[in-house]
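Engineer: These protein sequence lines are chains A, B and C, in that order. Counting in this note's numbering, the first sequence runs from 1 upward without gaps. Counting in this note's numbering, the second sequence runs from 1 upward without gaps. Counting in this note's numbering, the third sequence runs from 1 upward without gaps.
Read the hints as simulated data drawn from the structure, not as lab findings. Take the hints with a grain of salt, since some may be wrong.
Identical copies go unnamed one by one, so any copy, or any two together, can satisfy a pair.
[What the hints assert, rightly or not] Listed next, the in silico BS3-like pairs over lysine-lysine satisfying Cα-Cα at most 27 Å (straight line):
{"id": "1", "residue 1": "Lys367", "residue 2": "Lys107"}
{"id": "2", "residue 1": "Lys360", "residue 2": "Lys378"}
{"id": "3", "residue 1": "Lys346", "residue 2": "Lys63"}
{"id": "4", "residue 1": "Lys360", "residue 2": "Lys40"}
{"id": "5", "residue 1": "Lys107", "residue 2": "Lys73"}
{"id": "6", "residue 1": "Lys367", "residue 2": "Lys346"}
{"id": "7", "residue 1": "Lys40", "residue 2": "Lys367"}
{"id": "8", "residue 1": "Lys73", "residue 2": "Lys346"}
{"id": "9", "residue 1": "Lys73", "residue 2": "Lys360"}
{"id": "10", "residue 1": "Lys373", "residue 2": "Lys346"}
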Amino acid sequence: MSVVEDMDTGARMFHLIERLYPICRSITGDGVRQTLAMLKEHIPLQIHEVASGTQVFDWVVPKEWNIRDAYIKNAAGDRVVDFRQHNLHVLNYSVPVHARMTLAELKPHLHSLPDHPDWIPYRTSYYNETWGFCLTQRQLESLQEGEYEVHIDATLAPGHLTYGEYFLPGESTEEVLFYTHVCHPALCNDNLSGIAVTTFLAQWLATQPRHCSYRFVFAPGTIGSITWLSRNEARLPNIKHGLIVALVGDAGAFTLKKTRRGDAKIDRVVRQALRDRGEDCVVVDFAPYGYDERQFCSPGINLPMARLTRTPNGEYPEYHSSADNLQFVQREKLAASLGVCETIVKILEQDRRYLNTNPKCEPQLGKRGLYRKTGGQKDIGAREYALLWVLNLSDGEHSLLDIAQRAALRFDIVSAAADDLLACGLLHEIHQHGSTK
Amino acid sequence: MSVVEDMDTGARMFHLIERLYPICRSITGDGVRQTLAMLKEHIPLQIHEVASGTQVFDWVVPKEWNIRDAYIKNAAGDRVVDFRQHNLHVLNYSVPVHARMTLAELKPHLHSLPDHPDWIPYRTSYYNETWGFCLTQRQLESLQEGEYEVHIDATLAPGHLTYGEYFLPGESTEEVLFYTHVCHPALCNDNLSGIAVTTFLAQWLATQPRHCSYRFVFAPGTIGSITWLSRNEARLPNIKHGLIVALVGDAGAFTLKKTRRGDAKIDRVVRQALRDRGEDCVVVDFAPYGYDERQFCSPGINLPMARLTRTPNGEYPEYHSSADNLQFVQREKLAASLGVCETIVKILEQDRRYLNTNPKCEPQLGKRGLYRKTGGQKDIGAREYALLWVLNLSDGEHSLLDIAQRAALRFDIVSAAADDLLACGLLHEIHQHGSTK
Amino acid sequence: MSVVEDMDTGARMFHLIERLYPICRSITGDGVRQTLAMLKEHIPLQIHEVASGTQVFDWVVPKEWNIRDAYIKNAAGDRVVDFRQHNLHVLNYSVPVHARMTLAELKPHLHSLPDHPDWIPYRTSYYNETWGFCLTQRQLESLQEGEYEVHIDATLAPGHLTYGEYFLPGESTEEVLFYTHVCHPALCNDNLSGIAVTTFLAQWLATQPRHCSYRFVFAPGTIGSITWLSRNEARLPNIKHGLIVALVGDAGAFTLKKTRRGDAKIDRVVRQALRDRGEDCVVVDFAPYGYDERQFCSPGINLPMARLTRTPNGEYPEYHSSADNLQFVQREKLAASLGVCETIVKILEQDRRYLNTNPKCEPQLGKRGLYRKTGGQKDIGAREYALLWVLNLSDGEHSLLDIAQRAALRFDIVSAAADDLLACGLLHEIHQHGSTK
């Protein structure tokens, strides 16, 4: 453990990903339990088990799936496809099978990627009971005519859906929700990266003073968020800002997918945080396809839930294949993603509205030691500029976030300027937190 | 006739244009009557005659103009300018004249195009009683000094202004108005193209089920729309959407000239229709110059009347000259213009608002056979995407048109998705038709 | 004087600048008084004197500063830096000093521009009592070790702050405020250019009929506008439009800095005026740094005060240095700036709203002699186009300025069209002046 403690944060997140990588996760089963148990080494997750058959809105919690082994053996008895080599080799949620068959009978159960002949695809069949194997195109093409033994040693039986939750209370009941999906097997960016960053964010936030309350949910995609939402409807009005964190370990630029309403405060906060940290950012409008924003932004839920990824789902070649591996995610990208999330939290925490107590003309900053002594220069520094902007826009209508955006200044510089002005009585705090928008 | 029936639609519209081309139309007179009579072979037009002298708002219906022959003969008795060669040769609405004069006396009555020496210009003098001839610059330059005989065998006398109207009732009293001008003589794109496309649109629509009611007006430019408006004021509140169709046979891209208010539903429908059909589209704001939108969008009328052309008036060299001839319009462009108009009608007909009956999280589409069985692929097809969009935005505020525009999907795909969702009970129709905007 | 009268306006403004250039101005003192006295040769300025120690909002009117001579002499007794050579050589508002010191003791009091070694910088120390000299980098580098005599023969003592004001009443109490700063010593563009243009604007406007009332204030930067505002609070509600005029003699394109609210009528008027005169224009949003807009647009004042400059403060290399000299400003640029200001006034004066008295369809312009007699041409002239636009938008909601902007026509053409339509009864004036926005 001391080796890990010596690591920088990026390396520590990468180390967690390395440990999580071999586990075969799905939307239910022991893979999710093992994953959450490993996260409990970092944060005191509360584990929830929801029984198969439970109605969750239009859906029913499915039977629980567990797998021990799976293979295709050729006539010589060699494992030509072997789950022990890679857990993507089995179609996720395959029903158990043990049979002998010809290649022609086998082929309809095989999935490959002709355009990427060395990669194993990731395929699922959660709600259609069948079995299958995923393999590289080269493996597929090397299969000779003859008899094969196929074996999937799995169980699909009544059990539970498992998710983890961590709540950090703040001074206010106003909640911020972070959600990340935990259902994918050996895929590093999608979504061990999101799991690692969210875990380390929660661990850091536990040590910070908090105005808002924070909730972290680690749950399977789609059925997990549907289950969580159906069990937490009474809590939803408290959730003022939310963020899906996923696919944050690759080398691509960040993508903010905006909330369904498109002008929520979280949309603006994420942009400000990315700008403040010098990160490029692609901003896309909400669309009802992607990750769990589909559920959080359904018309009857409609939470202000944005999504932060780097390269989005489906837009990199390695997506949902064995090439989304430990080489595909980078320690420094994970660290930068965590840094962005921390900045998002800081902006949410520090955004406030003030009233300029001397609104007629500028107050004389020089006599308060807040302004340079010699005049006439071409430029003004960011700090003096921030002082002037905070004074000018602290008219009760603008929060510090509004001011930072209008002035194109870093939020922390604006916030520090407000602190200085508050200290010398030039601002008066309005007791309504932050921007209303 | 069987030859015509064997033609495709583009060829049939072109055939109609060929028959209409030789007729000398004006804002009144037998040319318009012959034109409307030819259209009656396709649709049961109602013909209206409004007497000269009738007050129509600030205007008075002018005397009726008819022409039989016109020429300029040189000293040798040759017809050097001859109305029988081209009906553009006479200044439209010329008063009768029969006189001998020198070239110097004649010249103030001659109009030519120095920049296009082989083309005859189209010129009019409706409200200033004079006479004149239009000729090519080469003809003009070849005129020798000497005496000329000029003869315009025309009458300008009390009569009528003639227009045609065709009404197709629908389930609703909500009306859609199509307007096209019929006053130009031998000019093919301006506006035999508009006449042909509007006629075939009406003919097709007569065979379709209709929610809206449709009205088609074939009338002269300016005085025709003023006359129609002054006689139909009580009807105007029923007109919810309107379109001027003109200049739709040339090879140029489409131009949508928006309504005066600029955000009417018809503005959005035309754009969607052009996009759905893969047509390039230039969108221009309303301006009080052009065709009959000048009257429909005057401040006291202000109907939601857009205008669809290909290259707009005045923006192609052949405009208002003998070069706007049978070679200038193309069968396939006419057919494509008709197709766009049909798509406009389909969108107006099918646009509806629904309520998602299962608004909390997505409904499980798979169990209803509406979703693919194997998961994990990169892409989602347009149909599944349309299903998700319709569910997400069917919150009572968005119509199918709103959804198609937000989702950047074809309207017919969105509409078909709504049909599927309605069939399995996931949508409930709101009995207010379409987008309010 | 007859020589001056023969000059064109640009040359006359330049001549005024030449006379003002040698005067050593500051925020108080005889330099401002001499400047205003010279302006009184053109316009009957009212001179205001406000005593040192007067509280003006958060500020106090400072002691008055006057200077007679200043120099640095080397050991040989030569004036190596000499106020008589250039009044920028002394740090503006330096306290008196007469002492001998080493170069090392002297250096903290010296200001230069290493990047522009031949220019003297302009530096001030209004509110921090110190003394200093400004010199070229070459002068600085040529100073040998040794003893120097420094002498600043100045007084800083209770006195007055001086500003000038000129009020031109109009038919209405609605006021337009022009403000320009007069505190800079030998700097031509900043702001002898603004002083000259504002003076000549006032002189011209005194000869014109006026609907609005106009007020011109010539006062020092920052403390001058704060002083004026604190003494004129009761008058502020009358000020409907305001403009800071400064830095208008250089060769750069115009920059409009918008009002704090960003959509005031003056913002639109300035843009229209620049467009009408064919001037390029950079438009920037309000920011609380620059000139006296900082005070006029403070949150508790918030007047609709825009700012017109050519190249803005700090954005040209010569800014606040001896290179902002008589060569840096150009007669024809001064004349063009005055022309823009006159056009701004004309638009403010002539903007009105009308009602089309014949709003249903177009009125027949031809029978009123307002339209061409022969039809069919490709183009319509700007005048006929303006007639159509004025008729179309004179629905009570649009002013002539709104129409000119929508139609992309020159304001004077639109205004002339309105006059023609009013003359023949097609418009009715609404007795509310201009655009409300």
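Engineer: Each hint should be assessed against the structure and marked as holding or not.
Structural biologist: Tested hints:
no.	hint	verdict
1	Lys367 to Lys107	between (83 Å within a copy, 26 Å between copies)
2	Lys360 to Lys378	within (26 Å within a copy, 57 Å between copies)
3	Lys346 to Lys63	neither (41 Å within a copy, 46 Å between copies)
4	Lys360 to Lys40	neither (55 Å within a copy, 31 Å between copies)
5	Lys107 to Lys73	within (14 Å within a copy, 89 Å between copies)
6	Lys367 to Lys346	neither (31 Å within a copy, 44 Å between copies)
7	Lys40 to Lys367	neither (54 Å within a copy, 36 Å between copies)
8	Lys73 to Lys346	neither (55 Å within a copy, 57 Å between copies)
9	Lys73 to Lys360	neither (84 Å within a copy, 46 Å between copies)
10	Lys373 to Lys346	neither (33 Å within a copy, 43 Å between copies)
The structure shown violates the earlier hints numbered 3, 4, 6, 7, 8, 9, 10.
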